[in-house]
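The number in my numbering is simply the position in the sequence shown, starting from 1, with 1067 added.
Heads up, some of the hints might be wrong.
Said to hold, decoys possible - Below, a list of computed lysine-lysine pairs in the DSS-like style, where the Cα atoms sit at most 30 Å apart: (1) Lys1157 x Lys1188; (2) Lys1089 x Lys1070; (3) Lys1089 x Lys1074; (4) Lys1263 x Lys1209; (5) Lys1209 x Lys1157; (6) Lys1144 x Lys1157.
Derived by calculation from the structure, the hints in this document are not laboratory data.
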Amino acid sequence: MDKIPEKFLNEDGTLNTDALVKSYCELEKKMGRMVSIPSDDADVDARAKFNRAIGVPETADAYPTNELFDDENVRAKFLEIGLTSNQVEKIYQIAEEFLSPVLSEIFQQQNEANAMSELQKFFGDDDKMRDAMNAINAFGEKFLPQDAFESLCATAQGIQSIYRMMQSMEPNVRTDKNADENLSDADLRRMMRDPKYWRDHDAEYVRKIENGFKKLYA
């Protein structure tokens, strides 16, 4: 017979039934809280109990979301295979780490394709666009600060703005005081470094610069 643990014995060596009963009751409670891993033929209730115990949400909507990869059909698949919310978070993190650079490149290529299509439509056809781009490059190199020119050329709208500047220069430059003012090439270049020109495309400010170049070089 195995030796009885001392915690179940009285000081005189007799069996402490109260301690034995108390320990048995505690063991029953612990066993009642334990969840067994369901077998392949386990019923729905057993699987549901196990899923709740390990952290699988009750519905697909309860899963965490992700701006790039979130989709209700994907969340439904997560629930179907019994993923926990923590596991889904890890999947999102891995996806962002490995897929975000690829997606960024795809988005950039798509944006470039859209910009090219917009410019082709604006200029009329490929040949006209090619001629216009050569003229815009020559104009930019001659008259525009490099940082402002590069900023404008980053978007189809900016390229169109430069082209319109070339096509619609007026003979006079008006100041904020509505008076004619003779501006030098250096003055105009300094004005073009202002964010109102290359970032905000302020219509009145751009018009002043266009007029200034027309007055100087037309």
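Contradicted hints - numbers only: 1, 5
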